[in-house]
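Trainee: Listed below, chain by chain, are the residues.
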Amino acid sequence: MSFFFQELVNGITTGALYSLVALGFSMVYGVLKLLNFAHGDLYMVGAYIGFFVIQWFGGAAHITIPVPLLLLTMFVLAGGLVGGLGVAMERFAYRPLRDAPRIAPLITAIGISFFLESSALLLFGAQYRVYNTAEFISLSSGIQIGSVTIDSVQIMVLVLGLVLMTALQLLVNRTRLGRKMRAVAADREAAEMLGINVNRVIASTFFLGSALAGIAGVMGGLLFNQVTATIGFIAGLKAFTAAVVGGIGSIPGAMLGGLLIGVAESMVTGYISSTYTNLIVFGLLIVVMLIRPSGLLGQAQLQKV
Amino acid sequence: MSVDSQGPQVGTDEWVARQGQRREYLPSWLGRAQQAGERIGWWPKLAIACLAGLALPLFGLGGFQLQVGIDALVIALLAVGLNVVVGWAGLLDLGFIAFFGVGAYGFALLSSPQIGSAGIHLPTWLSVPIVMIAAALLGLAVGLPSRRLIGDYLAIVTLFLGEAFVEFTNNVAPSVLGGPNGITTIDPISIFGYQLTTNASYYYLLVIVVVAVMAVLRLLETSRTGRAWRAVREDPLAAAAMTIPVNRVRLSAFACGAMVAALAGAIYAAQQTSVFPTDFDTPILILIYAGLILGGSGSIAGAVTGALVVMVIYDGLLRSSTEAGYLFYGLILLTLLVKLRPWRRLALVLAATVALGFAAHAIAAAISASAVAGGPQSGGWIGDALRYWVVVPANAQTLGNWGFVVLICLLITLVQVSSRWRTILLPPTLCLASFVWETRLVTEPAITRQLMIGAILIVMMNARPQGLLGQRRVETAT
Amino acid sequence: MKGRLVIAAAAVGSLAVAACSSSSNSSTAASGGTSSAAAATKSCVASVGFEGPITGPVAPLGTEQLHFAQLAVAMDNLANKTKITLVQGDTQLQPAQATTVTQQFVSNPAILAVVGPAGSQEVEAVGGPMARAGMAFISGSATAVALTTGKYPTFFRVVSKDSVQGPQDANYIVKNLHPKALMIVDDQEAYSTGLVSAMVPVFQAAGIKVDHESVSQKVTDFSALVAKVTPETSVVVLPWQVAANAQQFGRDLAQEHKNAVIFGTDGLFSPGTFTINGSYVSSFGPDITAMPADAAIARAATQKFGSFGTFGPPVFAATHVIDEAIASVCKAGQTPSRSNVLAAIKNTNEPASILGQPISFDSHGDLNGGKFFLFKINSSGKYQLIPSS
Chain F
1 MSFFFQELVN
11 GITTGALYSL
21 VALGFSMVYG
31 VLKLLNFAHG
41 DLYMVGAYIG
51 FFVIQWFGGA
61 AHITIPVPLL
71 LLTMFVLAGG
81 LVGGLGVAME
91 RFAYRPLRDA
101 PRIAPLITAI
111 GISFFLESSA
121 LLLFGAQYRV
131 YNTAEFISLS
141 SGIQIGSVTI
151 DSVQIMVLVL
161 GLVLMTALQL
171 LVNRTRLGRK
181 MRAVAADREA
191 AEMLGINVNR
201 VIASTFFLGS
211 ALAGIAGVMG
221 GLLFNQVTAT
231 IGFIAGLKAF
241 TAAVVGGIGS
251 IPGAMLGGLL
261 IGVAESMVTG
271 YISSTYTNLI
281 VFGLLIVVML
291 IRPSGLLGQA
301 QLQKV
Chain H
1 MSVDSQGPQV
11 GTDEWVARQG
21 QRREYLPSWL
31 GRAQQAGERI
41 GWWPKLAIAC
51 LAGLALPLFG
61 LGGFQLQVGI
71 DALVIALLAV
81 GLNVVVGWAG
91 LLDLGFIAFF
101 GVGAYGFALL
111 SSPQIGSAGI
121 HLPTWLSVPI
131 VMIAAALLGL
141 AVGLPSRRLI
151 GDYLAIVTLF
161 LGEAFVEFTN
171 NVAPSVLGGP
181 NGITTIDPIS
191 IFGYQLTTNA
201 SYYYLLVIVV
211 VAVMAVLRLL
221 ETSRTGRAWR
231 AVREDPLAAA
241 AMTIPVNRVR
251 LSAFACGAMV
261 AALAGAIYAA
271 QQTSVFPTDF
281 DTPILILIYA
291 GLILGGSGSI
301 AGAVTGALVV
311 MVIYDGLLRS
321 STEAGYLFYG
331 LILLTLLVKL
341 RPWRRLALVL
351 AATVALGFAA
361 HAIAAAISAS
371 AVAGGPQSGG
381 WIGDALRYWV
391 VVPANAQTLG
401 NWGFVVLICL
411 LITLVQVSSR
421 WRTILLPPTL
431 CLASFVWETR
441 LVTEPAITRQ
451 LMIGAILIVM
461 MNARPQGLLG
471 QRRVETAT
Chain L
1 MKGRLVIAAA
11 AVGSLAVAAC
21 SSSSNSSTAA
31 SGGTSSAAAA
41 TKSCVASVGF
51 EGPITGPVAP
61 LGTEQLHFAQ
71 LAVAMDNLAN
81 KTKITLVQGD
91 TQLQPAQATT
101 VTQQFVSNPA
111 ILAVVGPAGS
121 QEVEAVGGPM
131 ARAGMAFISG
141 SATAVALTTG
151 KYPTFFRVVS
161 KDSVQGPQDA
171 NYIVKNLHPK
181 ALMIVDDQEA
191 YSTGLVSAMV
201 PVFQAAGIKV
211 DHESVSQKVT
221 DFSALVAKVT
231 PETSVVVLPW
241 QVAANAQQFG
251 RDLAQEHKNA
261 VIFGTDGLFS
271 PGTFTINGSY
281 VSSFGPDITA
291 MPADAAIARA
301 ATQKFGSFGT
311 FGPPVFAATH
321 VIDEAIASVC
331 KAGQTPSRSN
341 VLAAIKNTNE
351 PASILGQPIS
361 FDSHGDLNGG
371 KFFLFKINSS
381 GKYQLIPSS
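Chains as they are written, first to last, in our numbering: chain F, 1 to 305; chain H, 1 to 478; chain L, 1 to 389.
Which bits of chain H does chain L cover? Going by a derived footprint, with three or more residues having C-beta under 8 Å, they are:
#1 174–180
#2 272–284
#3 439–453
The set of hints was computed from the structure by calculation and includes no laboratory data. Note that the Cβ used here is the ideal one computed from N, Cα and C, for glycine as well.
All chains, please: the whole structure from these sequences, using the hints.
Mentor: Right, here's the structure in full:
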């Protein structure tokens, strides 16, 4: 039984990470109907930023400032810088394509993805960068329930993930900016006619979504320890999957989708076989999509005649 | 030029305008050339392209160029098949690569020593049709979810299936499918008893096959099936109201695309004489999509052109530093030519850039010899021309990296500012670009290749979102 | 408008003229180069190709290989007074791209031999074209058994094959670690599955309970897999290529309080990255930082590109073999060509090399007497060589 719970804990932790990345993806899609394939690479940039912050403060083994301050710096810097990068991306590459057929920004996103990955290779080199989290957050600090261990990094990921997701839900549903975002998502031209500064709303959406991806990148680095230029691709794929399975455009849906994927992977690896994990999880997700064609929490798509 | 600067017109759309012959042409002799080009029909253009393709090796193409040509033609064939599904029927199929894989693996299993003690060695005229029919059946199976799923939801399910294919061939039944080691020693294609073993022979085969498939698809495009596909893409409800069997039409699109992909897969397997699971992973899918959309989704000629352009650049030109340099400088000059409006301004910017470069070089040389010790890394005449123009220090890695970051920031700024500031910022940006290229990018050709293809995709989609040969469509808001 | 057209035409025209003239220039340069080499053996000019996964899924490995190849060429040019240039081609570990790069090298008359490719699948894809062009190619990391059965007459490798390393390591585990149960995980690449299929029979014959798992190289979270490690399992065998993944696996083991010992192969040999106390690493390459004979190389490598693992030194050895072959051909007064360089490589007989053993090839291209080095990692993360008994 404890094996089940251990796998569950592992699954929920990784699921929370996928959810964070999926959230940003879903937000951007909701407002712009754009599948931003470069979103995963923003995750990668965030992870690198976190790594360099650790190096700046003395390297994993000799941190010169208290660990909570270090973590705060990492998150704030990663969120801010990656958010800025997202805004720049939107301004430079996506704004001219706002009225183009939906498939054109797909290729721009692919181009940005190539560019970001190879820039990381060029600027940071190809070798693996290792966070060495265990050096400054001891492996034994955590809680143990029976024979189920949850270490502090996992707890942090879960808590921070929950906090961010709730904050985002509140932002979208209770604040003025959130109202504007929902308006732009529903009908951009009408929103413009109502006096909403659409460009600024879209820029804010991109900033928030990208910042989330950056923070998720730092968390990924803390959890999985290794950073290289290609981690973004898988993260992006999982984000895309989680967002769509949960119902694209819906924030609770992205959360649910990410958790579902994380837990499914964990359980299948644990109970069936690690060889066929991906195959079985894919099959599961296809079944989910066939049962609920608009995703788990998505709204049924209205077809305008 | 002036046509493309306007956005989609409210109340007017391309189809209506085209029907009403109210087309605007480029001014003066370019417009007359455009009109003459349009008088030539589609079929004569295809014949000209076919002859040009067949005649190309006679101009002395070496083994490498033939290989690039083969790769490009395979992707072109795949793009044309994808065009049926994405461009004509409007179904975003992200698992298309699986049909390519089915074709390749199917051919490999049927024409190699893999199955049984000596293997099945079916002759080509038998194995290729079998493989195509198998792929068509798989296409029907994949298309079945499209009844309930629309748009991006269909995309994710097809993506799963595409990934599942790679996992399947990598992990399931390794004794039959070969696992990560794939299937090697595949028989070559034999046509009327003649076995194709050289690159040149596969090149000719591919040219003929691509042209034939284009012809068949053109016939389909102008037939009832093609019109049904386009109707379903534009408005499924209206199509259903017009008694078009929407689901069956979608399934036929999937099947047709799958058959073309399987054909490409069979030829690919025979030419490579081996297939591995990693040959059918997402990077190849990205290339096909890039080619299709760059060339113009919805147009057969566009799909082929875009795929050829992308592959010749990515797989051919960018693999060699000197040619990457030509492309780099050439594209910069081209962008300047197209974007800087009065030609006096263009001349001013170019003159300022040249002057700034010489001045910077002279100043840097005066300050310290090591600042210009590394010569421009580009080979050939570019390096010689730039020797006294670009500043390249001796140990330039960190400096080059910083230059790269500053260059990106400058480029983003250039987009935001007013046109006067743009003129002022352009010469330093151009000098910096050349600096970064000569210092850093040329020494890492593998990374530069990825950088440049990314940059080219971004710039080309910004410049022409409908693709090179695509038609601008007005999309109704959903 | 007209002014722009004039400038445009001038630019295009000059580019075209330049392109044409430079292509004819480069071809004459190539032929000029070889003829001048005949005239003056003191300027031994040649090119060596490098095929590797410089970008793509295993970019860290490919870049390390590239750096060591460049280092070897630089050091050998100094020592032998040759003018060898390294031409790089990126395969991204895809056999189709390896074929294209091979065709590029084959069409370049200046390239006389090739280092690489890195993966066994790529060797299968390019073996034919290389043989047809009579071009020798030496791989520093392709270990599949099927490659040296005579199919590829111009293929050589400076590492031992799976059928040697697998049973040797498995026997060590059985005799020295005495596990009752073990878990062996492959990473779904050919290198890994080859070793696993060589090792599992040995374990099963010894009556050990074997749990065979499989994860893709792209996976970076192993907590689910680690949860499957039973208390009985005392050894986890990880014949992986990516050391950082194994380090993460070790962390997850510690975090879930499992006591299994990790036994890894060459991919895990990475003193900067894989440092789990008590682990074993079996490598076809020695720890060159610990070998006095390799001090100069290790110093240069660390200075230029930081830490490195086990994929670089064999590529250094392979490049060195080619450089020496070219130099010997020049010294004998001949013009280096693909055929005489191939012959010289076949006759390679170096008494010492960076790998700590002599290098010579058998008739199928395998390294004669390939040694394996077993290391154990101590609590400060240092790799200690276990002397072979």
